[in-house]
Amino acid sequence: MNVSEEIAALPQDAIPNEDFCQTTGPSEAGLLTQQFLAFNTVITLQAFGPDAVVLAAFEAARAQCRVYERLFSRTLPHSDIARLNGAGGRPVPIREETAALLEAALSYCAASEGLFDVTIGTAVGLWNFHEGRVADAGRLREAMAHVDWRGVHVKRAADGTVAWLDDPRAALDLGGIAKGWIADELTALLVRCGVGSFVVNLGGNVVAHGLKLDGAPWKVGLQDPFERGAVVGAVALSDASAVTSGTYERGFEKDSVRYHHILNPRTGLPVDTDAAGVTVVARRSIDAEGFSTTLLAMGVERGLAFARSRPEILNAYFVDSEKRVCSLG
Numbered sequence: 001m002n003v004s005e006e007i008a009a010l011p012q013d014a015i016p017n018e019d020f021c022q023t024t025g026p027s028e029a030g031l032l033t034q035q036f037l038a039f040n041t042v043i044t045l046q047a048f049g050p051d052a053v054v055l056a057a058f059e060a061a062r063a064q065c066r067v068y069e070r071l072f073s074r075t076l077p078h079s080d081i082a083r084l085n086g087a088g089g090r091p092v093p094i095r096e097e098t099a100a101l102l103e104a105a106l107s108y109c110a111a112s113e114g115l116f117d118v119t120i121g122t123a124v125g126l127w128n129f130h131e132g133r134v135a136d137a138g139r140l141r142e143a144m145a146h147v148d149w150r151g152v153h154v155k156r157a158a159d160g161t162v163a164w165l166d167d168p169r170a171a172l173d174l175g176g177i178a179k180g181w182i183a184d185e186l187t188a189l190l191v192r193c194g195v196g197s198f199v200v201n202l203g204g205n206v207v208a209h210g211l212k213l214d215g216a217p218w219k220v221g222l223q224d225p226f227e228r229g230a231v232v233g234a235v236a237l238s239d240a241s242a243v244t245s246g247t248y249e250r251g252f253e254k255d256s257v258r259y260h261h262i263l264n265p266r267t268g269l270p271v272d273t274d275a276a277g278v279t280v281v282a283r284r285s286i287d288a289e290g291f292s293t294t295l296l297a298m299g300v301e302r303g304l305a306f307a308r309s310r311p312e313i314l315n316a317y318f319v320d321s322e323k324r325v326c327s328l329g
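For the sequence shown, the residue numbers in UniProt numbering are 1 to 329.
Note that these hints are calculated values from the structure, not bench results.
Nothing here was measured: the structure is a model prediction, and the numbers come from that model.
A portion of the hints provided could be inaccurate.
Said to hold, decoys possible - Cβ-Cβ distance ranges computed for the label pairs, FRET-style:
{"hint": "1", "residue 1": "Glu113", "residue 2": "Val154", "range": "20 to 30 Å"}
{"hint": "2", "residue 1": "Ala56", "residue 2": "Glu131", "range": "39 to 49 Å"}
{"hint": "3", "residue 1": "Ala87", "residue 2": "Arg308", "range": "32 to 42 Å"}
{"hint": "4", "residue 1": "Ala87", "residue 2": "Glu322", "range": "42 to 52 Å"}
{"hint": "5", "residue 1": "Asp19", "residue 2": "Gly203", "range": "13 to 23 Å"}
{"hint": "6", "residue 1": "Phe20", "residue 2": "Ala56", "range": "17 to 27 Å"}
{"hint": "7", "residue 1": "Asp274", "residue 2": "His130", "range": "24 to 34 Å"}
{"hint": "8", "residue 1": "Ala145", "residue 2": "Leu211", "range": "45 to 55 Å"}
To be verified - In the SDA-like style, the derived pairs of lysine to any residue whose C-alpha atoms are separated by at most 20 Å in a straight line are:
{"hint": "9", "residue 1": "Lys212", "residue 2": "Val53"}
{"hint": "10", "residue 1": "Lys254", "residue 2": "Leu126"}
{"hint": "11", "residue 1": "Lys219", "residue 2": "Leu237"}
{"hint": "12", "residue 1": "Lys212", "residue 2": "Pro50"}
{"hint": "13", "residue 1": "Lys219", "residue 2": "Ala236"}
{"hint": "14", "residue 1": "Lys254", "residue 2": "Asp136"}
{"hint": "15", "residue 1": "Lys254", "residue 2": "Leu269"}
{"hint": "16", "residue 1": "Lys212", "residue 2": "Ser27"}
{"hint": "17", "residue 1": "Lys212", "residue 2": "Arg283"}
{"hint": "18", "residue 1": "Lys254", "residue 2": "Asp272"}
Where is the CB? At the ideal position from N, CA and C, for every residue including glycine.
With the hints as extra help, turn the sequences into a complete structure.
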């Protein structure tokens with residue numbers, strides 16, 4: 001059995017809430033909206049265009065999300081990522097999509113000055129930000145010995161592609177990069193389906209393509225880190241993506257200490273930063289997502305300097321603890 005046949009023989013994992021899908025519209029302005037659940041978040045697609053064309057495109061995008069979730073999930077047992085994490089360092093056959101995402105992710109690890117690392121999965125698993133569980137200090141120190149993105153390898157051959165981890169106890173977690181890659185793929189898919197004016201929102205990872213029917217750009221709010229649902233400003237978008245990372249997204253307080261979900265790959269602890277939220281704007285969503293966590297970890301001053309050094313970043317908006325907004329200009 002070659003690599004491709006081995007992948008094809010894998011079982012199809014059930015995805016939580018896979019059947020939920022809600023379509024509304026068109027609105028008075030002609031906007032069709034569809035929402036469904038994937039990647040542990042609410043996915044929202046909005047578009048202008050003939051109903052039949054738009055709905056067919058939405059259906060294709062939703063089906064593609066199911067493919068990606070079954071490939072990239074850390075928790076679905078037969079995903080490429082779960083099999084890599086459980087292989088004990090042995091080569092694992094993976095799909096081309098997973099290979100492309102892994103290679104892209106490693107480039108952002110290299111560019112992040114050590115503040116983004118996709119092998120932090122072992123440390124992530126010691127925290128529970130929903131139930132308010134703090135990672136045990138001893139186990140966390142042990143886990144951090146297995147965090148090193150340079151030990152991730154992808155190899156292509158005539159009969160397929162394999163990947164492996166040098167460290168048998170390392171664990172991949174692509175939660176900080178996968179949605180950016182997926183958003184770009186969904187954008188290309190919707191364009192191929194004949195939709196020219198749309199928004200893809202993967203739970204705060206937003207792509208806006210084209211213009212509204214009145215010729216105006218789409219607008220994306222800058223999330224207020226301290227009040228759910230409130231905004232501190234807005235960004236006009238057309239043929240670009242805005243991705244927000246924030247310490248407010250998941251976290252808890254215990255013994256008067258606030259813990260958030262963005263971990264430092266050097267310590268396994270929540271990053272110490274004066275930025276409560278960062279929104280990065282880029283042409284490609286993977287660039288926006290790939291740098292958003294890094295900028296948040298760097299903090300306002302260092303993050304602004306880093307953002308200016310990266311031509312992929314069109315703008316970056318930092319919201320600090322006083323709700324002040326700083327940007328590249």
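Quick rundown of the hints versus the structure:
For Glu113 and Val154, the hinted distance range of 20 to 30 Å is satisfied, since their beta carbons lie about 23 Å from each other. Our hint of 39 to 49 Å for Ala56 and Glu131 holds, since their Cβ atoms are close to 41 Å apart. Between Ala87 and Arg308 the beta carbon distance is about 41 Å. The supplied range of 32 to 42 Å therefore holds. At roughly 47 Å, the beta carbons of Ala87 and Glu322 sit within the given window of 42 to 52 Å.
At roughly 19 Å, the beta carbons of Asp19 and Gly203 sit within the given window of 13 to 23 Å. Roughly 20 Å separates the CB atoms of Phe20 and Ala56, a value that falls within the hinted 17 to 27 Å. Taken as a hint, the range 24 to 34 Å holds for the pair Asp274 and His130, whose Cβ atoms sit roughly 26 Å apart. A hinted range of 45 to 55 Å holds for the C-beta pair Ala145 and Leu211, which are about 51 Å apart.
Only pairs whose Cα atoms come within 20 Å are accepted, and Lys212 paired with Val53 is accepted, the gap being roughly 17 Å. A threshold of 20 Å between alpha carbons decides the hint, and for Lys254 with Leu126 the separation of about 16 Å falls inside it, so the pair holds. Of the supplied pair hints, the one linking Lys219 and Leu237 holds, its CA atoms being roughly 6 Å apart against a limit of 20 Å. A hinted pair counts as satisfied when its Cα atoms are at most 20 Å apart, and Lys212 with Pro50 qualifies at roughly 14 Å.
For the given pair, Lys219 sits about 4 Å from Ala236 by alpha-carbon distance, which is consistent with the 20 Å threshold. Only pairs whose Cα atoms come within 20 Å are accepted, and Lys254 paired with Asp136 is accepted, the gap being roughly 14 Å. Proximity of Lys254 to Leu269 is assessed by CA-CA distance (about 14 Å); at most 20 Å being required, the pair is judged to hold. Under the criterion of a C-alpha separation no larger than 20 Å, the hint pairing Lys212 with Ser27 is consistent with the structure, at around 13 Å.
Note on Lys212 and Arg283: the hinted pairing holds, with a Cα-Cα distance of about 18 Å set against a maximum of 20 Å. Using a Cα cut-off of 20 Å, the hinted pair Lys254 and Asp272 holds, with the two alpha carbons roughly 17 Å apart.
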